[in-house]
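Participant: Taking my numbering, the leading residue of the sequence shown gets 1, the next gets one more, and so forth.
Hints listed in this document are in silico derivations from the structure and should not be mistaken for laboratory results.
Keep in mind that this is a model prediction, so the values were computed, not measured.
Calculated pairs, BS3-like style, for lysine-lysine (alpha carbon to alpha carbon, straight line, at most 27 Å):
(1) K120 / K145
(2) K24 / K34
(3) K21 / K95
(4) K120 / K98
(5) K19 / K29
(6) K95 / K34
(7) K109 / K120
(8) K109 / K29
(9) K12 / K95
(10) K81 / K143
(11) K29 / K44
(12) K145 / K81
(13) K109 / K98
(14) K95 / K24
(15) K137 / K24
(16) K76 / K137
(17) K81 / K45
(18) K42 / K95
(19) K81 / K34
(20) K34 / K45
(21) K98 / K45
(22) K76 / K24
(23) K154 / K44
(24) K154 / K120
(25) K123 / K42
(26) K11 / K24
Distance windows between CB atoms, simulated:
(27) S91 / K11: 16 to 24 Å
(28) D35 / E142: 27 to 35 Å
(29) P73 / Q150: 13 to 21 Å
(30) N105 / T72: 26 to 34 Å
(31) I125 / A5: 43 to 51 Å
Here a beta-carbon is modelled for each residue, glycine too, at the ideal position from N, C-alpha and C.
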Amino acid sequence: MKEDAAVLEQKKKAATEEKAKLPKPYNAKADAQKDINALIAKAKKEGKNVMIQAGGNWCIWCLRFNQFVQTTPELKEIVDKNYVYYHLNFSPDNKNEKVFAQYGNPGDKYGYPVFIVLDKNGKMIHVQQSDVLEHEKGYSLEKVKEFFNQWAPKS
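Required output: the full structure, derived from the provided sequences and hints.
Facilitator: Here's what the structure looks like:
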């Protein structure tokens with residue numbers, strides 16, 4: 001039993017250290033509705049969809065996904081070409097309840113991160129849970145690529 005506690009403590013420490021090193025893309029002070037409205041206008045102008053990654057800086061899987069996309073040229077290229085991207089904060093400081101409510105509160109159902117895809121007019125076209133994109137302690141390149149390509153605007 002003692003060894004289990006030690007192993008658990010070691011894993012917790014490793015996750016805390018990893019989290020400390022990763023960029024923190026979520027802004028608890030942002031006016032999310034205003035930001036999303038501006039992104040919808042931008043998406044319409046550029047012929048792109050809006051990809052909302054909901055989560056928080058407290059969530060290691062949210063930070064891992066952001067880092068994975070930002071540091072994987074193949075994924076970053078797909079995102080930059082097809083989406084305007086937004087990190088929608090959910091934290092004790094700001095739960096963005098009104099914003100989440102318009103999308104059916106997907107975090108309550110799927111946990112975080114959860115992805116909300118809007119078309120260029122702001123209509124929700126898909127909600128994606130993230131666990132199906134995972135592979136071991138990270139994310140699967142093929143699964144994430146397939147997800148991004150599947151919900152990209154159709155030409």
